[in-house]
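A.B. asks: Modelling step: build the complete structure from the supplied sequences, incorporating the hints.
These are the residues of each chain, in order.
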Amino acid sequence: MSTCARAQRWPTCALLLAAAIIGGGCPGPATADARLALDDHVRGEALVQFKPGTSPERVQAILEELGLARGRSLGTPLAFVVTFAADRSVAEVVVQLRALLEVEHAEPNRITPLPAPPGGRQGRPAGPR
Amino acid sequence: MDALRRTLTALVTVAALALGWPGPGAQAQRTPGAGPAWVPGEVLVLVAPSGSNRTLAVESLPMVTQSRPFARSRRGAEYRRVQLAPGTDVQQAVEAFRDDPGVSAAAPNYLNHFRATPNDPHYGAGLMWGLYNTGQTIPDAVYETNNPGSAGSDVAAPAAWDLATGSPEVVVAVIDTGVDYRHPDLAGAMWDASAATFGGTSAPSPYHGYDFADGEPDPYPLADAHGTHVAGTLGACRNDGTGVPGIAGGAGAGCGVRLMALKVFPDRGGGATDADLIAAINYARENGAHIANLSLGRPGDENTVLTAAVEDAVAAGMLLVVAAGNAATDNDAVPQWPANYAALPSTAAGVLSVAATDQADALANFSNYGATTVTLGAPGVNIQSTIAGREVLLSSNDASKDDGTYNGCETDIATGFAGTPFAQPGDDCRQSGLHRWGWYKPPGQPLEIWGDLFAAAGSYENGIYSEIVFSGLSADPSGAAYLALHYTTAWDTECAYDGVWVDVYNGSAYLATVQAGELNINETLSGLCDQSGLTYPFSHTGRTYPVFGIVTLTRDLTPYASADLNVHFWFWTDTTVNSSSVTGGFRMWDVDITREASDFTAAYALFKGTSMAAPLVAGIAALVKSRNPAYTGADLREALVNSVDPVGGLDGLVSAGGRANASSAVRYIQPPGGVIASR
Chain A
3 MSTCARAQRW PTCALLLAAA IIGGGCPGPA TADARLALDD HVRGEALVQF KPGTSPERVQ
63 AILEELGLAR GRSLGTPLAF VVTFAADRSV AEVVVQLRAL LEVEHAEPNR ITPLPAPPGG
123 RQGRPAGPR
Chain B
8 MDALRRTLTA LVTVAALALG WPGPGAQAQR TPGAGPAWVP GEVLVLVAPS GSNRTLAVES
68 LPMVTQSRPF ARSRRGAEYR RVQLAPGTDV QQAVEAFRDD PGVSAAAPNY LNHFRATPND
128 PHYGAGLMWG LYNTGQTIPD AVYETNNPGS AGSDVAAPAA WDLATGSPEV VVAVIDTGVD
188 YRHPDLAGAM WDASAATFGG TSAPSPYHGY DFADGEPDPY PLADAHGTHV AGTLGACRND
248 GTGVPGIAGG AGAGCGVRLM ALKVFPDRGG GATDADLIAA INYARENGAH IANLSLGRPG
308 DENTVLTAAV EDAVAAGMLL VVAAGNAATD NDAVPQWPAN YAALPSTAAG VLSVAATDQA
368 DALANFSNYG ATTVTLGAPG VNIQSTIAGR EVLLSSNDAS KDDGTYNGCE TDIATGFAGT
428 PFAQPGDDCR QSGLHRWGWY KPPGQPLEIW GDLFAAAGSY ENGIYSEIVF SGLSADPSGA
488 AYLALHYTTA WDTECAYDGV WVDVYNGSAY LATVQAGELN INETLSGLCD QSGLTYPFSH
548 TGRTYPVFGI VTLTRDLTPY ASADLNVHFW FWTDTTVNSS SVTGGFRMWD VDITREASDF
608 TAAYALFKGT SMAAPLVAGI AALVKSRNPA YTGADLREAL VNSVDPVGGL DGLVSAGGRA
668 NASSAVRYIQ PPGGVIASR
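Protein chains in written order, with the working numbering: chain A, 3 to 131; chain B, 8 to 686.
No lab work stands behind these hints: they were computed from the structure.
Model, not experiment: these values are computed from the prediction.
The reader is advised that the hints may include incorrect statements.
What the hints assert, rightly or not - To give an idea of the interface, some chain A residues facing chain B are shown, with a C-beta separation under 8 Å as derived from the structure:
| no. | residue |
| --- | --- |
| 1 | 75 |
| 2 | 81 |
| 3 | 123 |
| 4 | 127 |
| 5 | 130 |
Note that CB positions come from ideal geometry on N, CA and C, so glycine has one too.
C.D. replies: Shown next as structure tokens:
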């Protein structure tokens, strides 16, 4: 049983949990899981595609200069997710990236909602009768 | 020009069919996996009136051994049956004839066979109107308009199956919510990912694709049946005596086209990010998918990184088939992505946007449209197909799956409350002071779980870990495959102070939180902590709560499957009032625990949407590809666009002016490479 689970189980361990949350040791309310934010884009992320021929060193220098971290690959060379603090403006990061000669494209990481059934319902399991 | 192409194509095709060729005993040439094709060594030619009664230049070539007229059109054009020298490639000969100025059209002498009805029971029961519409009524319809519709308002699948049923050499990526690859109607059709790569790096997987949304190899759908339904329409094994026939599901043994499952919607809830969509498209391209189905979309701005991925896919020869959208809006005016790549100059050659038609060939009342941006229509209402096979172990909505052993307020009010529900939502189940918590289940009504705080000043209590034990699994989940918890919740809690937690208990120990870091509602839905996110009020015992949001979440319980599995919901509060709002609470409903079904008989359902129309078109494209392996995505698009049935219900609403026709598409005559044979 984890410390976090134990703390949840017993109210007397509330302080332990609070300390752990502050210390970052347990998942706490202040930690963002931006993927599930019902915004139209993911907070703390942007997509970037560098121009062909841009060296890895130059890419790294740009990321460091802008305070960005390299995230997951998009499956093609020089295209990947960049991550940054969730409270930083996505629009500003995108503008900063687009201003660079080495950057082909930069975009927010927009979210497509789950396809909703028109009229709000689909059928229940059914077969030939 | 499109109309001319269609007319000329139809002329030769009709002639080939109506005149009953070939003669008995003719040997069919076959294209790989595509079934019968044409008579070897023969070409049918339509000679323009100006060329009748004379020898064409092409007929002087050594490849031609004999050319005999056999019919004449009312306008004086002459049909000729051309015998080729042994060893002559029929397709090359057809191209040579098309290059002759005296030829209006040329085609192989296609073979036609007895039209066998697939033995899939849902097809035999008449549920598959989109494939074969006899004017039947669909029972338990989810779309009542034009039910029944009109015979022939379908994609003419039976006639298409005479020529192609779907080759395993053709790979179709299903970019969606995942695919239940263990479904008996799909298992044999799944793509082999054992040699997969991504970004140039080896990425082998036993799971037939990849889950980009959850960052794992397994694209099994714990939360949603959408992608499984799409996959079944496309490629459920046909003529296998089971369930439904996918339009490109093969002829029987071995199924048909191969389905690459690429999951971009996360199980735990929320939408698909452009990053995952881009990665999925790139994965499909890198691993040789010929066609990708994207039954998804959003309005808003174009994403240029996504555009680059689509351009790369089109340049690689892929066809992307995209649902137009279900908002009943004009995509010309309100762009939808990725649907509008069908009209973007840099991508249009390899993208189709699909509207939904009903059983009478009218545009479905929910379907988006667009005279320039939506390409064609296809059946998209009351579509029967596969869904994920899930067995409900426990459900708050189903008394038969609810053994009534919940333990409300178990810690502090156990003697007075355990096993007794609220008689009504306002009943008190307080742990102390002003905190109350419990579950509500009047007879005949679904169970709901409430966590509720009075609105008195300073009423929050410190660290209240009240819990509801949602237990009583009616079946032993030990060893259960894909055990999952689903629940829908609405909440009004103080961001960063209050929260709801969910964890798993086996009767003696807490196994773990379900997924660390994703359990607190406020944490998980941090974007909704902003008061501006208030969207929806709900009332509870005379008080109205503002609701930050309503969301359905799913958690994977498979690692915790045991006979004594319980699920605990915790409501955690802080000491002080930290905002101007002192009310707080949450509600949970539609709480289910499910696992993979042992019996998939009921794993089929009627769905509606442009999401259901797109895979029919993708499946038709797969049939054309099966018959013409050299075709690029651009060729497939041409075949689909130029073979539609013009229908009044789509006039001015889609660029091709009609509804897809599989039979015409597989008979569409066009040399590979995007060159159209028409004069």
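A.B. asks: It remains to establish, for every hint, whether it holds in the given structure.
C.D. replies: For each hint, the structure was consulted:
At a threshold of 8 Å, the smallest CB-CB gap from residue 75 (chain A) to chain B is about 5 Å, leaving the interface hint in force. Hint status for residue 81 (chain A): holds, given a least beta-carbon distance of 6 Å to chain B, under 8 Å. At about 6 Å, the closest approach between the beta carbon of residue 123 (chain A) and any beta carbon in chain B falls short of 8 Å, and the interface hint on this residue holds. Against a cut-off of 8 Å between C-beta atoms, the interface hint on residue 127 (chain A) holds, since the closest Cβ of chain B lies about 4 Å away.
Below 8 Å, beta-carbon pairs count as interface contacts, and residue 130 (chain A) has one with chain B at about 3 Å; its hint therefore holds.
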